[in-house]
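> So the protein lines, in turn, are chains A and B. Residue numbering for the first sequence follows the working numbering, starting at 175 and increasing by one per position. Residue numbering for the second sequence follows the working numbering, starting at 658 and increasing by one per position.
What the hints contain is simulated information worked out from the structure, not anything from laboratory work. Keep in mind that a hint or two might mislead.
[Unchecked claim] With a Cα cut of at most 25 Å, we get these calculated DMTMM-like pairs of lysine to aspartate or glutamate:
no.	chain 1	residue 1	chain 2	residue 2
1	B	K888	A	D261
2	A	K282	B	E814
3	A	K201	A	E237
4	A	K282	B	E726
5	A	K282	B	D719
6	B	K800	B	E814
7	A	K235	A	E223
8	B	K792	B	E668
9	A	K235	B	E717
10	A	K198	B	E814
11	A	K201	A	E232
12	B	K800	A	E216
[As the list claims (entries may be wrong)] Cβ pair distances, simulated, as ranges:
no.	chain 1	residue 1	chain 2	residue 2	range
13	A	P242	B	T922	36 to 44 Å
14	A	P264	B	D887	22 to 30 Å
15	A	F220	B	G910	15 to 23 Å
16	B	S729	A	D265	35 to 43 Å
[As the list claims (entries may be wrong)] Below, a sample of chain A positions facing chain B; criterion: calculated Cβ distance under 10 Å:
no.	residue
17	G183
18	V254
19	E285
20	V286
We put the CB at the ideal spot given by N, CA and C, even for glycine.
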Amino acid sequence: MHELSLCEGVVQVIEDQAHLEHFKTVKTVWLEIGVLAGVEIEAMRFGFEAVIKGSIVEGAKLEIIHQPGLATCPSCCHTVEITARFDACPDCGSYPLTITSGEAMRIKELEVA
Amino acid sequence: MCTTCGCNHGETRIEGQFEGQRQEHTHHAHDGHEHSHTHDHSHAHHHTSESSQSRILQVEQDILSKNNEYASANRRYFNDHGMLTLNLVSSPGSGKTTLLTQTLTTLQNELSLAVIEGDQQTVLDAERIRATGVKAIQINTGKGCHLDAHMVGHALENLEHQEKSVLFIENVGNLVCPAAFDLGESFKVVILSVTEGEDKPLKYPDMFHAAQLMLLNKTDLLPYVDFDVDKCIDYARRVNPGIQVLQVSATKGDGMDQWYQWLRTVREAALIGYEPPTKES
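Using the sequences and the hints given, assemble the complete structure.
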């Protein structure tokens with residue numbers, strides 16, 4: 175359940191942004207979460223509702239942008255889609271692959287007022 | 658709420674003293690350890706959305722950016738003091754504390770050692786560490802399932818500044834959550850015992866991906882358990898081709914010399930470029 179800590183991290187970043195950008199309320203939070211980031215989306219939604227209470231983020235809607243897992247295969251040089259770190263290349267069967275995308279845990283955008 | 662850095666510890670408790678005295682963490686001295694609470698922001702670009710009231714801010718910041726700021730501050734501190742810091746991670750019951758107490762007992766006359774102990778509850782492990790004669794600070798995370806860089810930064814304030822020491826941070830027993838939280842350590846060392854099953858590296862790939870060294874512990878029990886060492890190492894290398902593996906038995910001593918040699922070597926490397934502080938500072 176480190177998703178709860180991640181949600182706390184989200185609120186901290188947004189509170190800093192509120193000081194900088196002078197907003198009072200947050201309507202929507204867009205998070206980009208990679209499929210390889212080890213984040214359980216349902217736990218994230220649950221944690222988000224729990225930690226935003228009493229903060230500037232209270233009442234905000236959480237939108238998750240899924241980032242696919244991509245890797246290049248050192249053997250056949252193909253770029254392939256993967257869903258786990260240890261996946262073998264679907265084209266030639268070799269591993270390990272070099273992961274190029276899918277590890278993101280990013281606050282992308284905020285809708286604020 | 659802490660008045661110095663504005664942190665709110667919630668259920669986290671950090672011991673204030675080494676010798677069994679327990680103190681609630683009430684304020685931070687910040688002596689010598691500059692705890693970064695600066696705000697390093699991306700420049701947000703905004704444009705107005707359909708609704709005239711609201712606007713869209715493009716933030717593009719890592720969720721862990723706060724933790725990573727604290728981790729950077731810790732890392733700077735470790736470098737400035739010529740410290741080698743190891744973040745020990747494993748599932749509960751892997752023999753982490755036994756391995757640590759054996760290591761401390763063996764090396765304490767040779768190296769300057771210190772320990773930060775992370776557990777959800779109790780100071781039992783810190784007491785086991787102190788029984789060896791080595792200083793230990795206990796962090797109780799309450800409901801938290803991992804240590805974060807901010808907790809470690811505060812624990813450092815209670816640890817006597819030890820130039821050129823080796824600091825072991827024993828994380829909360831958990832193969833999932835501590836993987837994502839950089840503490841500023843030099844190395845993550847994952848401990849896996851042969852009683853756990855060889856497929857752990859595939860079941861918990863993030864942790865084995867994040868670690869630089871795997872200690873395969875309790876090898877004295879191999880004759881009694883169904884555990885394929887080669888398969889386990891192969892699985893670990895599937896998620897992390899660069900991971901180094903040492904096979905040890907903390908209770909019987911097998912392989913421990915290799916681990917000590919590894920420690921001595923990485924400590925020497927940590928001291929390259931280190932300049933001792935002048936007497937005045």
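> Each hint needs a verdict: does it hold in this structure or not?
The hints, checked one at a time:
As the CA atoms of K888/B and D261/A are separated by approximately 16 Å, the hinted pair is consistent with the 25 Å bound. Annotation: proposed proximity of K282/A to E814/B is violated, straight-line Cα distance about 34 Å (limit 25 Å). The straight-line distance between the Cα atoms of K201/A and E237/A is roughly 11 Å, inside the 25 Å bound, and the hint therefore holds. Restraint check for K282/A and E726/B: satisfied, since their Cα atoms lie roughly 19 Å apart, inside the 25 Å limit.
Our distance criterion of 25 Å between C-alpha atoms is met by K282/A and D719/B, whose separation comes to about 9 Å. In summary, the hint linking K800/B to E814/B is supported, as the alpha carbons are separated by about 23 Å, within the 25 Å threshold. Of the pairs offered as hints, the one joining K235/A and E223/A holds, with about 9 Å between alpha carbons and a cut-off of 25 Å not exceeded. A distance of roughly 23 Å separates the Cα atoms of K792/B and E668/B; the hinted pair therefore holds under the 25 Å criterion.
With a CA separation close to 18 Å, the supplied pair K235/A and E717/B stays within the 25 Å bound. At most 25 Å may separate the alpha-carbon atoms for a hinted pair to count; K198/A and E814/B exceed this at roughly 35 Å. The straight-line distance between the Cα atoms of K201/A and E232/A is roughly 9 Å, inside the 25 Å bound, and the hint therefore holds. Straight-line distance between C-alpha atoms of K800/B and E216/A comes to about 19 Å, which keeps the hinted pair within the 25 Å bound.
Roughly 40 Å separates the CB atoms of P242/A and T922/B, a value that falls within the hinted 36 to 44 Å. For P264/A and D887/B, the Cβ-Cβ distance of about 26 Å falls inside the hinted range of 22 to 30 Å, so the restraint holds. Restraint check, F220/A to G910/B: a C-beta distance of roughly 46 Å breaks the suggested window 15 to 23 Å. Against the hinted window of 35 to 43 Å, the Cβ-Cβ separation of S729/B and D265/A comes to about 39 Å, which satisfies the hint.
Interface hint at G183/A: satisfied, since its Cβ lies 5 Å from the closest Cβ of chain B, which is below the 10 Å cut-off. Violation of the interface hint for V254/A is found here, the shortest Cβ-Cβ separation to chain B being roughly 16 Å, above the 10 Å cut-off. Using the Cβ-Cβ criterion of 10 Å, the hint placing E285/A at the interface with chain B is satisfied: the shortest such distance is roughly 5 Å. Annotation: interface hint on V286/A holds; nearest CB of chain B at approximately 6 Å, less than 10 Å.
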